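> Sequences listed follow chains Y and D, in order. Just so we're on the same page, our numbering is the position in the first sequence counted from 1, plus 308. Just so we're on the same page, our numbering is the position in the second sequence counted from 1, plus 673.
Think of the hints as simulated: they come from the structure by calculation, not from any bench. These numbers come from a predicted model, not from an experiment. By construction, the Cβ of each residue, glycine as well, lies at the ideal position given by its N, Cα and C atoms. Hints are supplied without guarantee of correctness; some may be wrong.
[Unchecked claim] Computed from the model, here is a short list of chain Y residues facing chain D with C-beta under 7 Å:
| no. | residue |
| --- | --- |
| 1 | A339 |
| 2 | V343 |
| 3 | Y366 |
[As the list claims (entries may be wrong)] With a straight-line cut-off of 20 Å between C-alpha atoms, the simulated EDC-like cross-links for lysine to aspartate or glutamate are:
| no. | chain 1 | residue 1 | chain 2 | residue 2 |
| --- | --- | --- | --- | --- |
| 4 | D | K783 | Y | D348 |
| 5 | Y | K509 | Y | D523 |
| 6 | D | K783 | Y | D422 |
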Amino acid sequence: MRMLGCVSPPTSGELTILDGEPVRDGAAIRARLGVVPQEDTLDNELTVRENLLVYGRYFGLSRKLITERTDQLLDFVQLTERAGDQVDPLSGGMKRRLTIARSLINDPDILILDEPTTGLDPQARHVVWDRLFSLKQRGVTLILTTHYMDEAEQLCDRLVVMDHGIIAAEGTPRELIARYSTAEVVELRFAPGQQEDALEKVKDLSPERMEVTADRMLLYASDGDDFLNRVHEAGLRPVTELVRRSTLEDVFLHLTGRTLVD
Amino acid sequence: MAVAARSAAPPALPALPGSAALSVRAFRCWLVMYRRTWRSSVWSSVFGPLFYLGAMGYGLGSLVDRNGTAALGGVPYVVFVAPAVLGVQAMNSGLNNAMFPVFGGIHWNKIYIAARATVLRPADIYRGHLLFITMRIAMNSACFVVVMAAFGLIRSWWAVLLLPAAVLLGVAFSTPVAAWAVTLQTQTPMNYVIRFGAVPLMLFSGTFFPISQLPAWLRPLAYATPLWHGVALCRGLSLGNTDLGAAAIHVAYLTAMAAVGLWLGARTYRGRLYV
Numbered sequence: 309m310r311m312l313g314c315v316s317p318p319t320s321g322e323l324t325i326l327d328g329e330p331v332r333d334g335a336a337i338r339a340r341l342g343v344v345p346q347e348d349t350l351d352n353e354l355t356v357r358e359n360l361l362v363y364g365r366y367f368g369l370s371r372k373l374i375t376e377r378t379d380q381l382l383d384f385v386q387l388t389e390r391a392g393d394q395v396d397p398l399s400g401g402m403k404r405r406l407t408i409a410r411s412l413i414n415d416p417d418i419l420i421l422d423e424p425t426t427g428l429d430p431q432a433r434h435v436v437w438d439r440l441f442s443l444k445q446r447g448v449t450l451i452l453t454t455h456y457m458d459e460a461e462q463l464c465d466r467l468v469v470m471d472h473g474i475i476a477a478e479g480t481p482r483e484l485i486a487r488y489s490t491a492e493v494v495e496l497r498f499a500p501g502q503q504e505d506a507l508e509k510v511k512d513l514s515p516e517r518m519e520v521t522a523d524r525m526l527l528y529a530s531d532g533d534d535f536l537n538r539v540h541e542a543g544l545r546p547v548t549e550l551v552r553r554s555t556l557e558d559v560f561l562h563l564t565g566r567t568l569v570d
Numbered sequence: 674m675a676v677a678a679r680s681a682a683p684p685a686l687p688a689l690p691g692s693a694a695l696s697v698r699a700f701r702c703w704l705v706m707y708r709r710t711w712r713s714s715v716w717s718s719v720f721g722p723l724f725y726l727g728a729m730g731y732g733l734g735s736l737v738d739r740n741g742t743a744a745l746g747g748v749p750y751v752v753f754v755a756p757a758v759l760g761v762q763a764m765n766s767g768l769n770n771a772m773f774p775v776f777g778g779i780h781w782n783k784i785y786i787a788a789r790a791t792v793l794r795p796a797d798i799y800r801g802h803l804l805f806i807t808m809r810i811a812m813n814s815a816c817f818v819v820v821m822a823a824f825g826l827i828r829s830w831w832a833v834l835l836l837p838a839a840v841l842l843g844v845a846f847s848t849p850v851a852a853w854a855v856t857l858q859t860q861t862p863m864n865y866v867i868r869f870g871a872v873p874l875m876l877f878s879g880t881f882f883p884i885s886q887l888p889a890w891l892r893p894l895a896y897a898t899p900l901w902h903g904v905a906l907c908r909g910l911s912l913g914n915t916d917l918g919a920a921a922i923h924v925a926y927l928t929a930m931a932a933v934g935l936w937l938g939a940r941t942y943r944g945r946l947y948v
């Protein structure tokens, strides 16, 4: 993400952003980018307005233009009532919304967001998603990294799954699920000690795919309820059982062999 | 891509102004922050040197003058020591403003980290901050020069150059020290610089007593220090007894230090912020 933001030089390979080369045209490219870093780099001693003023000045915007855009942006992220307040006492969600507003002060063509909702409570996350969706509809290109699968599924038109620096898969969320997973998943948990026997019996039922993690057994089938019935008919009694639709987490598990760990 | 682009091809990248204009942008942002914090800086910047002057200049001075002032160049002790106190506070202004805010720009308030994501390049961030540091040195020094004049401690018209001389001294310290401070991972080295650098310098650079009072083998060491050059320059201007050759050497030494610092800083800032 830092290479995309032109603040870190690539060690090898070619990168072109907005028809420019980051190493040569870095500053000019940054003029057309907006960046929402993972850790807010707001000045806690300044007010909300002053943070936007300082940032806008870096881009050489006039005071008048900054004031105009500040009013619009604070309205967009719903922080208008806090415009004159110092940043320090604001909540995490408000600070993140302010960072998003700040990243838009120069009216960027591309907005880069590094894990924008990490550390936010669920309500704050939904407000942020709502604003990002609205930005998308206005035609701003968003490049986002996240390890929240629901965030990726909700916001992204195109998804790239990366593992150890390599692109493991790309496509729309629907495409990826269709390609790398089944429609439904049955999650089973057995009492300690019973997992071994249960494993053998379940294998005999021939699920399309099976993943065994430390605490659960995941069985992939196109009809989850039907498969669960066959599990019961085979005489198995799991402690917990769940039938759900496939998500991107299953795709990730299939491609990388691991669940997402924070 | 399914997302509608704003235009078919990306718009041409904007042309950017040169480093001077970009540095001024960074400088103006420091001004916005200073509006919030200026009150806390007044106490140490203005009253600190005044206390020194009072205690050393008048308090100690009344004792020293009784023994004759030939070694001081025939002037009362307070007149001898005042330009040196000016030099010391210029050095301290330069050091303190070039160390803690620079470190803080990376680690505490992250001003540098925020700025580097914008149009500013690391060298612009460095130079913009230096402009602000220079302003602070000039403000502190100007206050002290006014006090010196008010108390009748200036003996020559050359003293109109006292302010630029003090600023040059402060800048000679701040450019290399900022270049160094940006590379730090912890703040302990900065405290060492004050304890083992600034304080000994202050005591032994011809500030409170003439260099002639140091043992002969120590004197060359003192002559090599930038504070000695700065103090000698300021004292010469204030007392009016400097010769132009010596003054030229002092100015050249301090300018060279400042220039080397500037060259280093562009590199260390880039190494720290574009990595």
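> Which of the listed hints are not met by the structure?
Of the numbered hints, all hold.
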